[in-house]
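Student: For the protein sequence lines, the chains are R and A, in the order given. Note that this note's numbering has the first sequence beginning at 248, numbered continuously upward. Note that this note's numbering has the second sequence beginning at 2, numbered continuously upward.
Don't read these hints as lab results, they were simulated from the structure. Here a beta-carbon is modelled for each residue, glycine too, at the ideal position from N, C-alpha and C. Hints are not guaranteed to be accurate.
[Said to hold, decoys possible] Straight line, CA to CA, 30 Å or less: simulated BS3-like cross-link-like pairs of lysine-lysine: (1) A:K177 - R:K249; (2) R:K306 - A:K305; (3) A:K528 - R:K421; (4) R:K347 - A:K571; (5) R:K249 - A:K6; (6) R:K421 - A:K6; (7) A:K361 - A:K405; (8) A:K296 - A:K131; (9) A:K296 - R:K421; (10) A:K131 - A:K195; (11) R:K421 - A:K178; (12) R:K357 - A:K178; (13) R:K306 - A:K177; (14) A:K178 - R:K249; (15) R:K337 - A:K321; (16) A:K6 - R:K306.
[Stated by the list, open to error] Only some residues are given here: those of chain R computed to face chain A with a beta carbon under 8 Å: (17) R330; (18) F381; (19) E385.
[Stated by the list, open to error] Here are some chain A residues the structure puts well away from chain R; computed CB gaps all over 12 Å: (20) E24; (21) Y52; (22) I189; (23) K249; (24) P325; (25) A402; (26) I425; (27) D537; (28) A552.
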Amino acid sequence: MKQSGNILFSGVGGQGILLASELTAHAQLAAGFDVKKSEVHGMAQRGGSVEAHLRYGEKIYSPLIEPGTADILVAFEILEAVRYLPYLHKDSAVVVNTQKILPPSVALGKAIYPENILDELTARQIKVVAIDAFAVAESVGELRTANVAMVGAMSNFLAVSPEVFLQVIENTVKEQFREVNKKAFAAGRAAVYA
Amino acid sequence: MVFDKETMLWLSGNEAIALGAWEAGVKVASGYPGTPSTEIMGNLARYEGVYAEWAPNEKVGLEVAIGACFTGARALATMKHVGLNVAADPLFTAAYTGVRGGLVILNADDPQMHSSQNEQDNRNYAFAAKLPLLEPSDPAEAKEMMIRAYALSEQLDTPVIVRITTRIAHVKGVVKKGTRCELPEPTIEKMPAKLVMLPGNARVRRQAVEKRMEEARRLAETLPENRIEPGSGTRGFITSGVPYNYVKEVFPHAPVLKLGMVWPLPEQMIRTFAASVEELIVVEELDPFIETHLKAMGIACHGKDIIPNQGELNSFIVRKAVDPDSIGALFEPLPLPMRPPNMCAGCPHRGLFYGLSRLKDVFVSGDIGCYTLGFLPPLSAMDACVCMGASVTMAHGMSKALGKSGEGKIVAVLGDSTFMHSGITGLLNAVYNNSYASVIILDNRTTAMTGHQDNPASGRTILGTEAPALDLEQLCRALGVKRVVVVNPHEVEVTRKVLKEEIASPDLSVIISRAPCVLLPEEVRRKKPVYFTNLDNCTGCSLCVQMGCPAISWTPLTPEEAMARGYREKQKGFAQIAEVQCAGCGQCAAVCKFDAITRREEQ
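Whenever a hint applies, use it, and build me the whole structure from the sequences.
Tutor: This is the structure we're talking about:
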């Protein structure tokens, strides 16, 4: 099993990034790692770009991922995948939700949402796994599980077994949402190689 | 590492600090919300045996804690860095009275200004107020240091500052559980020579302060939180707080002097460490606080000559500063449209700022809250913002400077919580001194920016229990305001008319713009209508787009595309509502002149 790693979560305020990073942190703890996770609250949450840094290993000091060292980027929106390019290295895996959320300048018609921007990542030999997390969430009958579907997709790149994640969902998610979230996790995990 | 659920917890720094305060036996806690400190009080309030409250501002909060500690109870005041400016008055004199029960001031700095208007380094307050200051490096240490801080406070008879930063407050890590310590019951005890700070007593206490700091300096030499971590190599680091992690990350084998108590400094320990290495580097965030004192001690070191004095650090910055040759090539960032924060879809503030954006030549004196985002385009309706409550006072100052020429052109805008924090005295001053500036109170029934804390006007305490709700209209009238008008900002046209009239008036008027924050749980639950665009009717006037609602977007069209859609050739594009994002406020429908925005039935 990989002995340490850095997972960066990025997206737009309100997309459920905190829950996704929280599930992942608990899974890494259950796998026996030390874990630190960093978030930003406050003004940054109002529809702006948001990020969460998760680091695991035998003993973790810094709560922040260094540029050039994110092993996995879990991006909940296309632009927010490419924005974090300086954090990536040539062996990084990027799991990206194909949703587009227009930044204000684009919505106002002052800027263009760049087309095919994920090609910028593949052009740099970075592995990109694009999934339609909403379609996955819809397939299990609950749109609000898109973030857990993303965790499922990401879990393919971690040594932690999916059973550990399912146990974490069992332990942390409210009872009425448990089953649908487990389904979303499994469907997200399967979506990568579908 | 085995994460043992029986003995360990996965907590944010703020949750860990609340736990530490509880374990230390804290009985009374008071604070005002402020990122990144806010979650401490919310968490602490839920512990058995603790009274916690939201105070209207940090000065009030600290004074409440001082009073509680005078009974022998352990007490806590929490605040963000700028909050300590507000609480500085009691802080400096509480340093003289000292304590009965332990008193800790939990101060959260925000290097990088993730959610702040400045990035002052509040370690300087410890120096200026002559108080011990502890600085943890992660959530686990933060919890333990709370317990140490209370012990030190009582041992040295002094308030103690615990300084954290954003990367403690909002970092999660593994924390060990402990138990709450048993403390004697609070009592009334009169000790006027110690607690009544008039000159005769204060001069005596002034000497006690120096004696205590002398003792603290001695204690610092053996405090377990100050420690030398031996290593190999000729280069040694002195560091504290979060930057300690970056040093350990980048130079895991180097000798390190880790300071848990940053003021007063363990001078002998520092000299011993400095003598043991050839090159000494101080790694600290923001000001050269440790470095300056080292230099005053005559110790040569690197510090801010290589480490930035602005923004937060990270391991990359430390690596680059100390060992630039070890940095490999990185992917360059791409130019992408930025994604700044924005007022939410359905935000009541939008209707008000839309009205202000339509008024020409009016200077909007702004304040601190979600509504500061009214500054951003397309609304661009805020012209100044300095600190909590300053909107009202600055507007008054402008009115006095401008005299007749500013009449009808000056307006202050501040939120309900900000008004109660420090706007009331400013309004009193403006009335008393005959200002003509208008004041708009954006009353969204909560303290929204920091995550919806209750306040004296919300009618609920920190625990959600019922409390007397301040009547803002009555208060303004009691202060002497003759014109008090209440508007619903979702009624865009009415609001615009009222703004025009009231701002133009030669008398001071208060406009209360009242509608609940859309993110309040009861608002989220409420069934709301949804609006949609009749694309056939859209003329591309872009009036709705100019409101800057995140649910409305503009699609540009070429003349051919316009005609293909049945629009006039000249039409440059069309606006459309994303129904999933619409919060049903109806502001856009109110400004549309072409019947292109329609309400769908409630769902």
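Student: Hints the structure violates: just list their numbers, smallest first.
Tutor: 9, 12, 18, 19, 23, 28
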